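*Asks:* Below, each chain spelled out in residue letters.
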Amino acid sequence: MIAATDIDKVFRDEAGRALATLIRLVGDFDLAEDALQDAFAVALERWSSGEPPDNPRAWLVNVGRNKAIDRIRRQAAFRGKQQALLHELALNAQGPDEPLAMLDDDMLRLIFTCCHPSFAAEVQVALTLRTVCGLSTAQVARAFLVGEDAMAQRLVRAKQKIRLAGIPYQVPESDALAPRLDGVLAVIYLVFTEGYVATSGTDLMRPDFAAEAIRLGRLLDRLMPDRAAIKGLLALMLLHDARRAGRETAAGDIVLLEEQDRSLWDRAQIEEGLALVDDALRVPGRPQPYVVQAAIAALHARAPSYAQTDWPQIAGLYEVLLRINPSPVIELNHAAAISMVDGPARALDLVDAISARGGLDGYEMLPAVRADLLRRLERKQEAREAYAAATGATQLEPLRRLYARRLREME
Amino acid sequence: MQYLLLIYRNEAQQSQMAPADYQKLLAEYSTYTQSIVQSGHFKAGDGLQPTSTATTVRVRDGKTMTTDGPFAETREQLGGYYLVEARDLDAAIELAARIPGARHGSIEVRPVMIYQ
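Residue numbers (our numbering), protein chains in the order written: chain A, 1 to 411; chain B, 412 to 527.
One chain only, chain A, in its complex shape:
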């Protein structure tokens, strides 16, 4: 006997991997998904009344493959021309005895296909959450704040594109691998950042998305070991997420880094992140942006307090980032670090230079950083105006409450 909740957990853990192998075996996303659903239905019935199999994934793949053959047979009876396909399917399907490395490759194939650059970024994220992470269409729809029907439509169109445009079910070869891996990491980081600071709504964080992104990062690190960028991204996510318990009050208000109770931080997770940063730095090659960002997060995680943080080194690491991966957002972060080294006046000059160039028009954190610097310089009237601008720029309730609190504190 096995409880329904345990069966659910097995499905959740194995769905992505079983699907990845089924897609390779049957050569079609939709057919593989339908077959896996059939296999889940059989599993739910059999496992709850008897013993679950030793290797649930192999069992699911095997039953799923047979269900796919059933489905093709039913279609073939209507169309009468799929005998050849059926034959090939039976031949190709080796099922549970396949070497583990092959099954790992299937998971990578699935990840790289879902993150194919011919999809818009948010389609890549949606496909990854649905097929690799095994979230339901409804859950993916909630992540994008769209209706379930609209999301289902989007996913159908994406899978159609895989088939009609001939997007290959494979891991890119050597030359193409590095840029494609960057794309995969960008998708994982997008999932994480949405979990870390939601773009809108009432809750600051959506820990389930952060957890999903970390799960993907761990998976990728295991499947493609010794890649600095992967280790760096995983470390970055672990170190940021380790501060989760300290980042908001029970009422859902933001607690700023300078005010956080550092004893609430998840020490075990920090240790894991720090070890990964060390590993990543040992991999030969050019410095990777995620590794440098993780090194910055590591300095925060190691610091006994906000004041005793190694700000000069953090500012220096932002300068490295600006050299290898320049962006106005990094410039803004650099300016914030400089405010702790050279003071808020110097930082404000940098921020005003960024906004004069117009590189951050519409970026909601720009007025927030300005407001904070002006407040610290006690230029109250300008600070009030900047907080008002910051409030207008965000759709996230906890941020609006933070700015309101700062305004009250200045009275």
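Hint data in this document are derived by calculation from the structure and do not stem from the laboratory. From a predicted model like this one, the values you see are computed outputs, not experimental measurements. One should not assume that every hint holds.
[Claimed, not checked] Computed spacing ranges between beta-carbons, pair by pair:
no. : chain 1 : residue 1 : chain 2 : residue 2 : range
1   : B       : Thr485    : A       : Asp149    : 28 to 36 Å
2   : A       : Thr5      : B       : Asp499    : 36 to 44 Å
3   : B       : Asp499    : A       : Val341    : 46 to 54 Å
4   : A       : Arg323    : B       : Ala438    : 56 to 64 Å
5   : B       : Glu439    : A       : Met102    : 37 to 45 Å
6   : B       : Thr466    : A       : Phe144    : 16 to 24 Å
7   : A       : Asp149    : B       : Thr467    : 33 to 41 Å
8   : A       : Asn55     : B       : Asp499    : 44 to 52 Å
9   : A       : Asp30     : B       : Arg521    : 16 to 24 Å
10  : B       : Asp472    : A       : Gln160    : 30 to 38 Å
11  : B       : Met476    : A       : Asp30     : 40 to 48 Å
[Stated by the list, open to error] Here are a few chain B residues that sit away from chain A, every Cβ distance over 12 Å (derived from the structure):
no. : residue
12  : Glu422
13  : Val448
14  : Ala465
[To be verified] Every beta carbon over 12 Å from chain B, so not counted as near; a handful from chain A, in silico:
no. : residue
15  : Asp28
16  : Ile72
17  : Met107
Positions of the beta carbon are idealized from the N, C-alpha and C atoms, including for glycine.
Fit chain B to the supplied structure of chain A, relying on the hints for placement.
*Replies:* Relative to the frame of chain A, chain B by itself:
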């Protein structure tokens, strides 16, 4: 699979190219075409006369109507195409990226529908 690689570029800008640059571009196209003929990807390919020579045709209620110019006024105009045979989309994207016009304009990669 077959893919149609549609070459879009800004016609006005192209018409202002210095003659020497234009000759160089033609030579690059010639080299590219030869290379994909040799690699077996090439099925067909041509340049098109400018949009000022285009006529758009519609039939409504059985009556043929023609208008001067292309169907849509856009920033970039269709200037040529290649029809290629490629293993999959990745291979087609690689072929598209090597088209000389990709550096100035843009290439739309469209899988060709196969009727059974």
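*Asks:* Next, verify each hint and record whether it holds.
*Replies:* These are the hints, each one checked on the structure:
1. Thr485(B) / Asp149(A): 28 to 36 Å: holds, 32 Å
2. Thr5(A) / Asp499(B): 36 to 44 Å: holds, 41 Å
3. Asp499(B) / Val341(A): 46 to 54 Å: holds, 51 Å
4. Arg323(A) / Ala438(B): 56 to 64 Å: violated, 38 Å
5. Glu439(B) / Met102(A): 37 to 45 Å: holds, 43 Å
6. Thr466(B) / Phe144(A): 16 to 24 Å: With Cβ atoms ~44 Å apart, the hint is violated.
7. Asp149(A) / Thr467(B): 33 to 41 Å: For Thr467(B) against Asp149(A), whose Cβ atoms are near 36 Å apart, the range 33 to 41 Å holds.
8. Asn55(A) / Asp499(B): 44 to 52 Å: The hint (44 to 52 Å, Cβ to Cβ) is violated, given that Asn55(A) and Asp499(B) are roughly 32 Å apart.
9. Asp30(A) / Arg521(B): 16 to 24 Å: holds, 22 Å
10. Asp472(B) / Gln160(A): 30 to 38 Å: holds, 34 Å
11. Met476(B) / Asp30(A): 40 to 48 Å: Given range 40 to 48 Å: holds, Cβ gap about 42 Å.
12. Glu422: Non-interface label stands for Glu422(B): nearest chain A Cβ at 26 Å, farther than 12 Å.
13. Val448: Check passes; 22 Å lies beyond 12 Å.
14. Ala465: The claim stands: Ala465(B) keeps its Cβ more than 12 Å from every Cβ of chain A (closest is about 28 Å).
15. Asp28: holds, 15 Å
16. Ile72: holds, 17 Å
17. Met107: Answer for Met107(A): holds, closest chain B Cβ roughly 19 Å.
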